[in-house]
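Chemist: Build the complex from these two chains, which are given one at a time in their own frames, with help from the hints.
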Amino acid sequence: MAFEKDFNLDATELRLGLPGTSEESEKQASTTLRISNKRAMPDMNEDSSVAADKKCDQETAPPTKAQVVGWPPIRSYRKNSLQTKKTEAETCGMYVKVSMDGAPYLRKIDLKMYKGYPELLKALEDMFKFKVGKYSEREGYNGSEFVPTYEDKDGDLMLVGDVPWEMFTNSCKRLRIMKGSEARGLGCVV
Amino acid sequence: MQKKMECSLPDEVLEHVFSFIRSDKDRNAASVVCKSWYEIERWCRRRLFIGNCYAVSPRMVIRRFPEVRSIELKGKPHFADYNWVPDGWGGYVLPWIVEMVGAYPWLEEIRLKRMVVTDECLELIAKSFKNFKVLVLFSCEGFSTDGLAAIAASCKNLRELDLQESDVDDLGGHWLSHFPETYTSLVSLNISCLGSDEVSLSALERLVGRCTNLRTLRLNRAVPLDKIAYILRRAPQLVDFGTGTYSADLQTDVFSSLAGAFYSCKELRSLSGFWDVVPAYLPAIYPVCSRLTSLNLSYAAIQSPDLIKLLRHCPSLQRLLVLDYIEDSGLEALSSSCMDLQELRVFPSDPFGVERNVSLTEQGLVSVCLACPKLQSVLYFCRQMSNAALVTIAQNRPNLTRFRLCIMEPRTADYLTLEPLDVGFGAIVEHCKDLRRLSLSGLLTDRVFEYIGRYAKKLEMLSVAFAGESDLGLHYVLSGCESLRKLEVRDSPFGDKALLANSAKLETMRSLWMSSCSVSFGTCKLLGQKMPRLNVEVIDESGPPDSRPDICPVDKLYIYRSVAGPRFDMPPFVWTMDEDYALRDS
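Chains as they are written, first to last, in our numbering: chain A, 1 to 190; chain B, 1 to 586.
Isolated chain B, as found in the complex (with noise of 0.2 Å):
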């Protein structure tokens, strides 16, 4: 009967439906219900998402898939962004260019995430894909304008070029000039990232000016604030525009040229640069403010008072960055302006500073929950929290589903009654039963996990730092959240029987990170030993571990589920515990 039904579809029919199938989620379930749907589906799979680059081999990829068109790799763990995994980690994408070259001649589309990117690497690129397209290089390294130049030059049909994030080298050379005359089809820049000059601005103009079709066009800090009406003008159709510096001695005539240049641009929706602002030019974006729905003000040192009177003209905003110069007073105002908020990311304008320098509390967090019924995502640093606030928070925002906390000094209890901040995450957790990302900070016991580990049930990533006091927080997190694919955790004091009690959940997880924390070495041997499907890593850049006793901790750890064995490509500071290990280094 089974043999009937599977012969009962064509080939071609199965295709043509599995096309409608994108998630992989779904693909995935798609391809183990019988022998032929997965082959079918494997033929007819158009894009990959790979969430960690050493989880499998380029060769198994390539096996597997045969005809891919785009794809997207990440690399080095997520704390790297704040540069706490050493320099040389890994997270090299060569090999698997020149894996693709060969096998995808019709490769259109590349995202990489925290990967290096070498100049060789964009030359192989440039050369080997007739028919590429997209280039998204969101926190990368390792490459210069060199490379670029490459692509430039010889991407015909180049759609998207976007360096979000990314360490560039500036070797000069004038790379945009490199894109031919003939050249017409970018929709999509974002150089926000490059330094001060490498981009040849009159290159930059005639670029934007053929190209017709451009709709997103972020600049970097180098292009000036008087430019910025030329360029408009010869783009009035973009919708996602980043200007460079925005600050210019205040002429009306520099002034009303770029009020006009940003009252030409009808379907703007989003902005964002504004690098040393002069606060007195603000009002010229007033023109496009009221169908603006993403605002990154968040390179911008513009007082509380002007970013008032800004937020009043931007009833439709949907998401926005800024800095805490915002203060309380202007997440107030926020809060009665923006109703369609849904995220809202509030930096530190002096992180390092001892001395509170803006007066932003917990009281602009709840100001704005309370108030924005649609806010699903939160990214606030600050000084001082209470249980009552995040209690506050969870009760009338259940339906967060990103809220990352940064109270900057490590270990800062709740400041009306000095207990741990416990009771409040515990609210969040209970509350916002969809979840999906949290980060903790302040002072926080085992509780908390308990907590966590109990309601948390869809979360998906957890960033843990200077928080708990035993094995058992770390505990209730592996065994309590079914959800879970991402741990991160700093200096706190988990150790050697969570990891060993809860081995195999973390086959089930993409990856784990513990720095400073009180794992043993002894522990990630055995861990290396019994777990052949996880590489477990240990980064010690004072020399090898086992010039130490095993029960010395390691200095950091990184684990990660593969099915394509240890890496090869490690520094000298890098070991990876698997059973050969002893006899590798003896």
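So here's chain A without its partners, still in its complex pose (with noise of 0.2 Å):
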């Protein structure tokens, strides 16, 4: 492997180092493909209000890049600009707030930044620190204490995922994270 290499390297390089760490850093930087934008804090006691915070199950196959939130550096003005054509569509579709009941101030997400459900949900969870609950056509959220809905073109309260992805896209004003109790009754529209 190209580690064995480095470690050849090593006899040859002056080293300014605390003892015992240059080995461990060599393995930690084999096993970097774990692309995780949460900090790795192994030692700590692992607190459920800890560990809501950050997920270190870094055995997950590495993130889309839409996971990575806010990466590569590009600014916003120049991310715009990479549009095609705007149409009335897609522009109602890009930037949209997101706000959460409870946190006093509130967030723009792109919404062409990702690519389907999944993407939009893990990045509202990462945002906002909570969890959505499982997704069902019938029940709509289970399991949590918070839930993602939309307000859309026509005003009305919807909730996230029951449209096809672009047809959400192309109609969502804004996003609201509601409480599971006021959301109750949303998802059984069917």
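It should be emphasised that the hints constitute simulated quantities derived from the structure, not laboratory data. On a predicted model such as this, the values are computed, not experimentally measured, just so you know. Keep in mind that a hint or two might mislead.
Under 7 Å between C-beta atoms, here's a sample of chain B residues computed to sit facing chain A [said to hold, decoys possible]:
no., residue
1, Y82
2, Y299
3, S377
In silico DSSO-like pairs for lysine-lysine, Cα to Cα no more than 30 Å straight-line [unchecked claim]:
no., chain 1, residue 1, chain 2, residue 2
4, A, K129, B, K497
5, A, K79, A, K131
6, B, K497, A, K179
7, A, K79, A, K97
8, B, K497, A, K79
9, A, K79, B, K227
Note that CB positions come from ideal geometry on N, CA and C, so glycine has one too.
Modeler: Shown next as structure tokens:
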């Protein structure tokens, strides 16, 4: 493996290092294809409150680009100008505000950055530090305190995931992460 | 003896001598020679640059420098450019404007970067500063076309209005028409950031026609191609021009009119804009290409063959911004056509795509670096890199002062050897002894930071993402980089030990940003208590950091030196760590 070579180069190089760090660091480097934007804190006591913040499950497959939030570093006006000729529908679906019940501030996300619901929901989970429940067509989201909803072009409050993705990005005007208790009844419209 | 020397030169003479001292650094040095020099200097300082608006308060500034004519302020951290700083963080300029209205009635120039500017600010500026001349709002937000209308209507001596890359709210209203018909002093107008319908074309044409000193004009996307000829003919003295949309159905009369208009602009040296380019219209600019020193095609989806043809006409080019459609072949052509090239920026056409869409590799950058002896500044987005390429670049271009490389997939190794890119970047810092700015990417261990700490003695700004393995990396940088002013880090395992061991270093820097790293809340509190001249701000949108154990890492951390103490305009998700923190939040 390539890292065998690294060990040989060690002998010829000056190293300023705390004792014991060099070899561990080589090993760590070899597993770096786990792309995660969460800090790895293996020594920590994984309290439930802490675990909610950082998922140290490094065993998951390398995420797609959309999951590495805000990478590569491109300015938003440049992102916008890369869009092809904007149709009305396209401009409708781009930057939308996201609010979460109980949080004192809003965020904005670009729906064009996501290829589908899984990426979008993961990004929302990361942004607001919550967990979305399991989605089913019949019952909506189960097993979580929070439910992702959105306001569409007609002003109606809808459950995220009910319509095909393209239709969603074209009609979504803003997102709202509601407390589960308030969202009851949304998922049952079929 | 000393007293004698102080009195031997009258104040007016000293003041006259000081008027030749322009740089802030030299002025600061002069001001600490002795008390009388301090006094004389502070009364005759006319220009101020404040790199962090929270490092000092408006009152302190005014108290020391009572006769300022020109001020430049910067607000949000650089990473705000990529939306990595949450909305509402801060950077409000209103408190500064309010104080300056009272203290500097003769203020002429305001330059702001990454600040929140409201219409109220613009209205205050418009009605308060009678001799106002220059307004530059670089990457600002919070204002609308109403505010611009106020500036247009009231600033009779306005020379420069530059809204580069700002986020402006379009409220309609034809703000350009608010420039009175008697107004003719415009020299520079940059409205390229404005959205669709915010500019009245007829007002624009009349304005351009009567402002015969206009040298810089950068239009926005809404201005159609067929209007450019008319505008250029009314302003043949232009030096810097930015087109709007460069697209229309190909018509020979439109083309020849456009080419003729460009031909008449003998002073033109810089071109930009070129949204939605129709390549067939590119040759219309050939008449000016031989004199062009700066070309920004970074919004233009022009393929490599057309770019190569164009670049062959531009032997004087010093600055090129372009999309990666240029590909290695285009960069190869650039390297043989443009020997005077000093700055190159290559942006990605498809930054979020997973598949490679263009044939642009490290080879393109290498060929330019080998051939262009004056190349100093590089910004390059690509998908693969090798240590060998970086070493070649470093050895051949030791005069590089800015090197920003973004390999788009985080932690990408050398594609030839699968090793980290430590050695390559190490060569860059070792050979490029005047390097002032560096952005790293790719797979990097602590070793690259060891090189940086050892060699990068002139480095002022370092950007790090997904790099390093331990605190040692951060320690190398903080303890080795003597000239470091700004350090910004994301998603790297840097933490408590390095920060605490180098806390004194932080007072010699403008700022430090760390997000998604391993700095614990406890360390933030400790730093805040230990270092009263640092503002240690924790940004965490998931709730107050003290609702979690001290060993928990904070989400985002921004530390900056300040003589103004903690700020009080923070949003609910920003906390300042200082001695009073624990008391205030209980």
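Chemist: Output the indices of the hints that this structure fails to meet, ascending.
Modeler: 3, 6, 8
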